[in-house]
Each structure stands twice: as structure tokens, then as C-alpha cells.
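Enquirer: From first to last, the protein sequence lines stand for chains A and B.
So for the first sequence, the working numbering puts the first residue at 1; every next one is plus one.
So for the second sequence, the working numbering puts the first residue at 1; every next one is plus one.
What the hints contain is simulated information worked out from the structure, not anything from laboratory work.
All residues carry an ideal CB built from backbone N, CA and C; glycine is no exception.
Among the hints, a few may not be true.
[Unchecked claim] Below, computed lysine to aspartate or glutamate pairings styled on DMTMM-like, alpha-carbon distance capped at 25 Å: (1) A:K56 x A:D87; (2) A:K73 x B:D241; (3) B:K245 x A:E169; (4) B:K232 x B:D208; (5) A:K97 x B:D158.
[Unchecked claim] In silico negatives: residues of chain A with every beta carbon more than 12 Å from chain B: (6) K90; (7) K115; (8) V273.
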Amino acid sequence: MKHLSLYFLISALVIVPGIYSLVRFGLKPSIEFTGGSRFTLVSVKSSASDTLQSFKDYAPVLESVDNSSITIKSKEISQESVQKILDSIKKYNPDVKLTNFETIGPALGQETIKKTTNALIIASILLLSYISFAFKQFKYGLCAVLAMFHDTLVLLGSFSLLGHFMGVEVDLLFVTAVLTILSFSVHDTIVVYDRIRELSHKHKNIDYISLVNQAVTETMTRSLNNSLTIIFMLFAMFLIGGETTKYFSLALLIGTITGTYSSTFTAAPLLIVWDKYFGHKK
Amino acid sequence: MPRLNYKIGNLDFGQEIELKQGLDIKGGLQVVLSADMKDLSPADRTSALESLKNVIGRRVDLFGVSESGIKTAVSGSDYRLILELPGVTDSEQALALIGQTAQMAFALPIYTPGKTASESATLTGFDPTDLTGADLQRATVTFESQDRSPAVSLTFKDSGKTKFAKLTKENIGKPIAILLDGYPLTMPTVQAEIIDGNAIITGQFTTDEAKALSVQLNAGALPVPVSILSQKNIPATLGADSIKKSITAGAIGLSMVIFFMIAYYGKMGVIASIGLVLYGLFTLALYKLIPVVLSLPGIAGFLLSVGMAVDSNILVFERYKEEIRAGRDWRVGLELAFGRAWDSIKDANTATIITGLILFNPLEWSFLNTSGSVRGFALTLILGIFISLFTGIVVTRNLLRLFFKGKSASSLRGGTPTRQSI
Numbered sequence: 001m002k003h004l005s006l007y008f009l010i011s012a013l014v015i016v017p018g019i020y021s022l023v024r025f026g027l028k029p030s031i032e033f034t035g036g037s038r039f040t041l042v043s044v045k046s047s048a049s050d051t052l053q054s055f056k057d058y059a060p061v062l063e064s065v066d067n068s069s070i071t072i073k074s075k076e077i078s079q080e081s082v083q084k085i086l087d088s089i090k091k092y093n094p095d096v097k098l099t100n101f102e103t104i105g106p107a108l109g110q111e112t113i114k115k116t117t118n119a120l121i122i123a124s125i126l127l128l129s130y131i132s133f134a135f136k137q138f139k140y141g142l143c144a145v146l147a148m149f150h151d152t153l154v155l156l157g158s159f160s161l162l163g164h165f166m167g168v169e170v171d172l173l174f175v176t177a178v179l180t181i182l183s184f185s186v187h188d189t190i191v192v193y194d195r196i197r198e199l200s201h202k203h204k205n206i207d208y209i210s211l212v213n214q215a216v217t218e219t220m221t222r223s224l225n226n227s228l229t230i231i232f233m234l235f236a237m238f239l240i241g242g243e244t245t246k247y248f249s250l251a252l253l254i255g256t257i258t259g260t261y262s263s264t265f266t267a268a269p270l271l272i273v274w275d276k277y278f279g280h281k282k
Numbered sequence: 001m002p003r004l005n006y007k008i009g010n011l012d013f014g015q016e017i018e019l020k021q022g023l024d025i026k027g028g029l030q031v032v033l034s035a036d037m038k039d040l041s042p043a044d045r046t047s048a049l050e051s052l053k054n055v056i057g058r059r060v061d062l063f064g065v066s067e068s069g070i071k072t073a074v075s076g077s078d079y080r081l082i083l084e085l086p087g088v089t090d091s092e093q094a095l096a097l098i099g100q101t102a103q104m105a106f107a108l109p110i111y112t113p114g115k116t117a118s119e120s121a122t123l124t125g126f127d128p129t130d131l132t133g134a135d136l137q138r139a140t141v142t143f144e145s146q147d148r149s150p151a152v153s154l155t156f157k158d159s160g161k162t163k164f165a166k167l168t169k170e171n172i173g174k175p176i177a178i179l180l181d182g183y184p185l186t187m188p189t190v191q192a193e194i195i196d197g198n199a200i201i202t203g204q205f206t207t208d209e210a211k212a213l214s215v216q217l218n219a220g221a222l223p224v225p226v227s228i229l230s231q232k233n234i235p236a237t238l239g240a241d242s243i244k245k246s247i248t249a250g251a252i253g254l255s256m257v258i259f260f261m262i263a264y265y266g267k268m269g270v271i272a273s274i275g276l277v278l279y280g281l282f283t284l285a286l287y288k289l290i291p292v293v294l295s296l297p298g299i300a301g302f303l304l305s306v307g308m309a310v311d312s313n314i315l316v317f318e319r320y321k322e323e324i325r326a327g328r329d330w331r332v333g334l335e336l337a338f339g340r341a342w343d344s345i346k347d348a349n350t351a352t353i354i355t356g357l358i359l360f361n362p363l364e365w366s367f368l369n370t371s372g373s374v375r376g377f378a379l380t381l382i383l384g385i386f387i388s389l390f391t392g393i394v395v396t397r398n399l400l401r402l403f404f405k406g407k408s409a410s411s412l413r414g415g416t417p418t419r420q421s422i
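Next comes chain A alone, as it looks inside the complex:
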């Protein structure tokens, strides 16, 4: 743990742009959070902009165009109304058909945000208490949860940037990914902390920094190997898995990488910092 400040600097280099983007651009919420509709029309003959024009009362946004199919995101609209509009443009698009239709009321979106926040808070509190209890010291719980927030910030920041530059949306699956990463991050940190706990029983006289150092070195291979196996899985899912789970896999992938980094280079150094300022003076 010679380069404490370097480790924190690397974290900062990743997190700061993410936070900047979060504050500046925020996340791009999907209709699951904002409420609204999304639908796909096939066999469209008119140009995309003309088609959009016919839905102008519902604030339409073009999401994707593929051959003759168009996906449109708009304010909440009923299937009936879409059908009516389609009937009105039948003259130019005789075969136009609605295939994919999804609509979510705004109340439901608000509720999802509230429930997600609840889940995050409850998960943090439970994990904090469990780790503090399992390791019999509050600092372990706190540092593990701080490392967990580190990973969450990296993930949120990345998706804020992705959202701004590539239009990637944050949906319910993303929330699931965030919560999974919380547990993965803690999972990895616990393995390192467990080693510290074990070593501290074995060597009573060694100073805390060397102890943490040794624990990190000893668990490094395991940490890397384990993450590699998960990364193999996720990478395959990201590249060849279906469209629906593509960004879900990406979120998990980013989270796994930062989770591996943080358990060694954030969670362990944090313990040393904590010990330096609040530890028992000898």
C-alpha cells in the first residue's frame, strides 16, 4: 500500500468526469421512469420525419429507423389513438402496421423511482450492519459500503456519459444491475477483509499497514481470476446476447471491473486511512 494517493487518484480520474456528467446531463431515464409510450411501426413508406409529424400531438421522438420500420417514443398515448393515426396515413402507407407497443402511466414511473431508492437505502444499511457484525468492527462495514458507493458512482457516471453521447437509456434492468453490483462489490471486498481478519489473528505484532498489504497481495490472484470468469460471461453476453439485455450486460461488466478494482485499491486503502485518523493510538 505504498501508493495510497495514486490509487485514490485513479478512482478520482474515473469518477470525477462521471460526476460532472451526472450533474450536468444527468441520466437518460427510460419511459419506465418518466411514463410515456414507445411503439414500432413496420412497412412504413413515408419518410421518418413525415411519420413523426403525424404523431405531433404526443411529442414524438424518433428512436430508431431500420429499413421500413420505425420506433417512436412519445408521451403517453393509447393503442387506439395510434391505430387511428395509422388509419389516417394509410393512403401513403397501405401496409403500415403496429408491432411493438408499450405504454406506461406517469404515476407508475414515479413509483418505480421511489421503490428503487428504498431498495438502495435498505441494501446499504443491511450490508453495512452485516459486515460490521461479521467483522466485529464498524470500520469494515463503513469502508466496504464506501467502496460500494465508489462502484455505484463509476457505474452511474459511465451511464450518464453513455446516455449523453450515445443515447443509452437507464431502465429498470439498469437498476437491477446497480443493485447486483452493490452485492458483487461487497462480495469481493469481503474476501479481502476476511484475509485481513485471519492474518490479524495469526500475527498479533505486525503493524496494520503491512497486514493489509499482505492480505491484498495474497488475495489478488483470486480476485483477478474470479473477475475474469465473470467478465468472460458478461463480455459474451454483451457482444452476442440479445438487444434487450445488451446494456444490462454492459452495466454489469463495468460494475464487475470497478468492483474488482475497488475491493483491492479502494476498500483496503480506506481501512488504512481510517486506521490512521481514527485508529487506536499506540
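Since chain A is already given, all that's left is putting chain B on it; use the hints.
Expert: Just chain B now, with coordinates in the frame of chain A:
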């Protein structure tokens, strides 16, 4: 979903392994309906929602959709029905039928006499009368004065009194059907002309049955309009395409993991890979048994848990290497490695299970999410952890004890190879 085909010798397991597929894979229609309960007293709302569920359930049955699902959900002052209709493509027609407000009507049953004298008459239809649910004030459960048996009393509004009096007068000794949504709730036989608009339906009711009937009658008297809160049409092709890709991705990822484990850990890696394949088979078997409805996020959860399943193996193997380096015999080292790695395996997996449970929300707390996709993911993740603990610790350990032979401690140090026997 392409069926999984396993053939071992002459045994074909393909038939058995067909998993329940979620809506996002099969395609279909998902609708969340909101029931407008503002005209109902808060005490009646929960039972009104139940009655609505029955009514809409019957309508859904008309489509002949298999494995359709209806769930009720109460969120604050919002009463909801969540419908899943796999395979329904004409969503417009489906919604037009489902979204109707249930109407109650009084009708006269039409009997067609049997062809022969011995054959009894069959009920073939209903002849509607002008008396409807709008004429009913309310229904309550009462108890008969003589034997205290449960019954249902009806009170009609002024508009209904005369209609009901006329109806009863004309049909003394005959049955009158009360239809909700065209489906007979009850068919009491008229005993006498009732002019004051107060009737009692008796029968062999239990208290619960009487209560259920009164709830349904009240729902008919005060219909609950429903509106669409959210709707999702999923074309089946999208699901089929996604699942094919996910399975390919899973197979490639899995072979990479196996390749890595064998390349890095040699013989131990082979045994861990056997454990991993067993893990996959156990998981599929459990999905089939429970049964777990397979959705795309669920598949993602499964694949992620495969990645995590090898974690306990890696922890143990790294431990084993350390013990060997410390100069222990491989047998001792192996047992020690399993024992010592357990502490971190236990704590680490508990943390994952905690998050998994929050996502799965087993007690259906309304302040946590109840979304099907998130819960599907959480369920496969939690199951994955438990099965991986079993295959990663118990199965692999015994396989290693049986088939693994390490180098003895002395030969590793480069001394004369002396095999120790224990």
C-alpha cells in the same frame, strides 16, 4: 425457445427439459389496469378488487390463452390488476373486451326441454329483463332467524322496487338468474311476490360463500371502471431471437470459463469444470421443478451466477496453492483449503443473498419493487448462489477426494520423491 437436446446413450432427455417461458420470450400482451374505486367505501375496496379479478379472469378465459396470469396489486390508494396474456397478438381487440366495466343484469333462464321425456331440460340461455345492477342498492350477509344459517339480503333502489315486484309476481316458483358479465352468479327461485324491494337469497351457503356472493353482487351494483395504466405488446419473434442469442452467448462464455479454469488450474480445473456442468444441470432441473418462469433478465441472472459459481472453487484452489507452498502434504492442504476458504465464501455469499432478497421482495412489501423482470433476475441469482455453494463446495470437494492426486509435499520442494501414505 429451442428445446435443449441431451442424448446420453439411448436416453433422450429432450422431452423432459422444456422450461416455462416468460412473456418477454414467448411474446404476448402485458397490461396493468387501474381500478377506479372512488365511489366505494375504503372497507369494500379490497373485496371489490378480488371480484374484479374474477370477472376479468373469466373474460381472459374467453381467449383460450394458456398460462395467462392475473395478479392484484395495491399501491397506496391505487388498486391494480396485472394481466399477462402470452401469445395474444390482437391486443386491441383483447383490450376492448377486457377493459369493459362489468355489468350486472337480472335475467330469466331459458330451458330447452330434453329430446325424450326421460331427459331433463337443459339450461341454454338467458332472457334479459329490464332490472339491472344499477337498480340494486346493496347486498349484505344476514343470518336466518330460524336456524341462523347464512343468507344474502338484497335491497333495491326505488327505481328497482316496481321492476322487481313485477318480475317476482310473474315468476313465482320459477328461478331468476343474476348475471354478472353474462355469467350467472346465483339463480334463486322466487317464493313470493316481493313489493318492498327487500329480498333474501337463501341456500346451502357457508358464511364465506354468502360473503363472496354479496361482494360480487355489490360489485355489480356499483361497477368499478378500469383504465389502462401500462401496456406492453411483445412480438414473439423478438423473444425467440433474443433467447437464441443469449444461449449462444452463454455457451461461448461457459466454454471460455472452462478453458480458463483448466488452463490455469490443470487437473483441479477439470474437476471444477465438471462441478460447473453439474451446476448447470441442477439449475435447469430446479427451474423445471419450482417452476421458474424463464425471462431474459432471468437468463442473465443465471449466466451471471455461472460466473460466480466458480468463485468458491477459485477461492479454494488459491488457498490450496498457499497451503502447498507452506509445505503441507496435498491431502492435508486440500482439506485445510476447504475449511479456511469457507469463512470468506460464507460472508461473501451472504452479502449477495441479502441484495438478492431485497430485489426479490419475497414478502411483497409495497415499498419495494414488484416488477416481474427484476424479481425473475433476483430469483435465478439467489437459486444460483445456493446451488453453486452445493456444487462448488460439496460436489467438487468429494470429486477431488476421489479423483485428485496432488504432488506430495517433499517432491514439491525438489527433494527425493517419497510418497507418503496416510
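Enquirer: Was A:K115 rightly flagged as not at the interface, with every chain B Cβ beyond 12 Å?
Expert: Non-interface label fails for A:K115: nearest chain B Cβ at 5 Å, not farther than 12 Å.
Enquirer: Between the alpha carbons of B:K232 and B:D208, is the straight-line distance 25 Å or under?
Expert: Status violated; Cα separation ~37 Å.
Enquirer: Below or equal to 25 Å on CA atoms is what counts here, so check A:K73 against B:D241.
Expert: holds (23 Å)
Enquirer: Holds or violated: B:K245 and A:E169, Cα atoms, limit 25 Å.
Expert: holds (21 Å)
Enquirer: Given the hinted pair A:K56 and A:D87, is their alpha-carbon gap at most 25 Å?
Expert: holds (16 Å)
Enquirer: Is A:K90 truly not at the interface, in the sense that its beta carbon sits beyond 12 Å from all beta carbons of chain B?
Expert: The assertion about A:K90 holds, with a minimum of 16 Å to chain B.
Enquirer: Beyond 12 Å on every Cβ pair: is that true for A:V273 relative to chain B?
Expert: holds (22 Å)
Enquirer: Regarding the pair A:K97 and B:D158, is the alpha-carbon distance no greater than 25 Å?
Expert: Cα-Cα ~51 Å, so violated.
In this structure, the earlier hints numbered 4, 5, 7 are contradicted, and the remaining ones agree with it.
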